[in-house]
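For the record, the sequence lines run as chains D and Y. Per my numbering, residue 45 is the first one in the first sequence, and the count goes up by one each step. Per my numbering, residue 45 is the first one in the second sequence, and the count goes up by one each step.
Derived from the structure by calculation, the hints contain no laboratory data. Wrong hints could be hidden among the right ones.
Remember, identical chains collapse to one label, so a pair may be satisfied in a single copy or spanning two.
To be verified - Below, simulated SDA-like cross-link-like pairs (lysine to any residue); rule was C-alpha separation at most 25 Å, straight line: (1) K99 with A51; (2) K173 with R72; (3) K99 with Q138; (4) K99 with L56; (5) K201 with W161; (6) K99 with K173.
Take a look at the letters that make up each chain.
Protein chains: 2
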Amino acid sequence: MTDPMNAAVPTLVAEFEHSLLADIPLARAMQLRVAQYGDDELVLAAPLAPNVNDKGCAFGGSLASLLTLAGWGLIVLHLRATDRECEVYVQDSQMRYLAPVWEDLLAHARLADGESWQAFDAALATRGKARVRLHCRAPVAAGDACTLEARFVAIAKR
Amino acid sequence: MTDPMNAAVPTLVAEFEHSLLADIPLARAMQLRVAQYGDDELVLAAPLAPNVNDKGCAFGGSLASLLTLAGWGLIVLHLRATDRECEVYVQDSQMRYLAPVWEDLLAHARLADGESWQAFDAALATRGKARVRLHCRAPVAAGDACTLEARFVAIAKR
Numbered sequence: 045m046t047d048p049m050n051a052a053v054p055t056l057v058a059e060f061e062h063s064l065l066a067d068i069p070l071a072r073a074m075q076l077r078v079a080q081y082g083d084d085e086l087v088l089a090a091p092l093a094p095n096v097n098d099k100g101c102a103f104g105g106s107l108a109s110l111l112t113l114a115g116w117g118l119i120v121l122h123l124r125a126t127d128r129e130c131e132v133y134v135q136d137s138q139m140r141y142l143a144p145v146w147e148d149l150l151a152h153a154r155l156a157d158g159e160s161w162q163a164f165d166a167a168l169a170t171r172g173k174a175r176v177r178l179h180c181r182a183p184v185a186a187g188d189a190c191t192l193e194a195r196f197v198a199i200a201k202r
Numbered sequence: 045m046t047d048p049m050n051a052a053v054p055t056l057v058a059e060f061e062h063s064l065l066a067d068i069p070l071a072r073a074m075q076l077r078v079a080q081y082g083d084d085e086l087v088l089a090a091p092l093a094p095n096v097n098d099k100g101c102a103f104g105g106s107l108a109s110l111l112t113l114a115g116w117g118l119i120v121l122h123l124r125a126t127d128r129e130c131e132v133y134v135q136d137s138q139m140r141y142l143a144p145v146w147e148d149l150l151a152h153a154r155l156a157d158g159e160s161w162q163a164f165d166a167a168l169a170t171r172g173k174a175r176v177r178l179h180c181r182a183p184v185a186a187g188d189a190c191t192l193e194a195r196f197v198a199i200a201k202r
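So that you can see chain D by itself, here it is in the shape it has in the complex (with noise of 0.2 Å):
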């Protein structure tokens, strides 16, 4: 249902974007917005001049905050496109911060390694709850100049 030629993925994308920047006041002041949806991949990004730290690159917390929502992001959008209700919760994550990110910042999530939408939705649909576990990352030139490995909770809200 992630499939860019669904026609109502770039309303789902559009809607999701507003409902972030009106409901999290960090976002907005983050500046945050969806730069990519489709292939099972979200990619979210921000400008560097509201989130630089003391040293003029980016905040290590604007980063984390970053990956976090794309990594949620990508879970809320498939639950949307496939009409189903729930809140998403992130349990636990691990951030590597690999490089100094001086230019504007960019969040790529995706299912991790060993991960499907079909265990995920299976569980959804049995128990009312499902587990997953997502591969952040903020590209630069370079290579990967952060990564977060976060597990996240979907459950039913009826």
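Place chain Y on chain D using the hints.
Below, chain Y without anything else, positioned relative to chain D:
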């Protein structure tokens, strides 16, 4: 040197809070402040309103940012109290989200078990570089709402 009886500490703490808010736009957006410093613990605080998520409780990115900044700040204050010029970077961190936070945010940072300022200071003096692991937590009435274990590196500027 983090003895609360040290007369220079209140000035150091005020300068630290000022520079944090001046240099990091996201710290300003979070309305972060230093709540307490002494006994080798730094406590940062932020009101809930600018740090909510779509559910009305604390945004995970705000919690991750606050806990990471508390750890980073503990090291920065230790270095400033002993008049050393270093850059301090977070290298990796593991975050656990245990319960939602429905109140103003607090982040407590301390050295992790097995770490000491003596070892840190000795490494910095010998090699101009030192690593240290910190344990940070966001307590609420029922216990810790989230915890962060993070590894930082300090590199002498000269």
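Do the hints match the structure? See the list:
{"no.": "1", "hint": "K99 with A51", "verdict": "neither (43 Å within a copy, 29 Å between copies)"}
{"no.": "2", "hint": "K173 with R72", "verdict": "neither (30 Å within a copy, 37 Å between copies)"}
{"no.": "3", "hint": "K99 with Q138", "verdict": "both (23 Å within a copy, 23 Å between copies)"}
{"no.": "4", "hint": "K99 with L56", "verdict": "between (37 Å within a copy, 19 Å between copies)"}
{"no.": "5", "hint": "K201 with W161", "verdict": "within (19 Å within a copy, 48 Å between copies)"}
{"no.": "6", "hint": "K99 with K173", "verdict": "between (42 Å within a copy, 18 Å between copies)"}
Checked against the numbered hints above, the structure violates hints 1 and 2; every other hint is satisfied.
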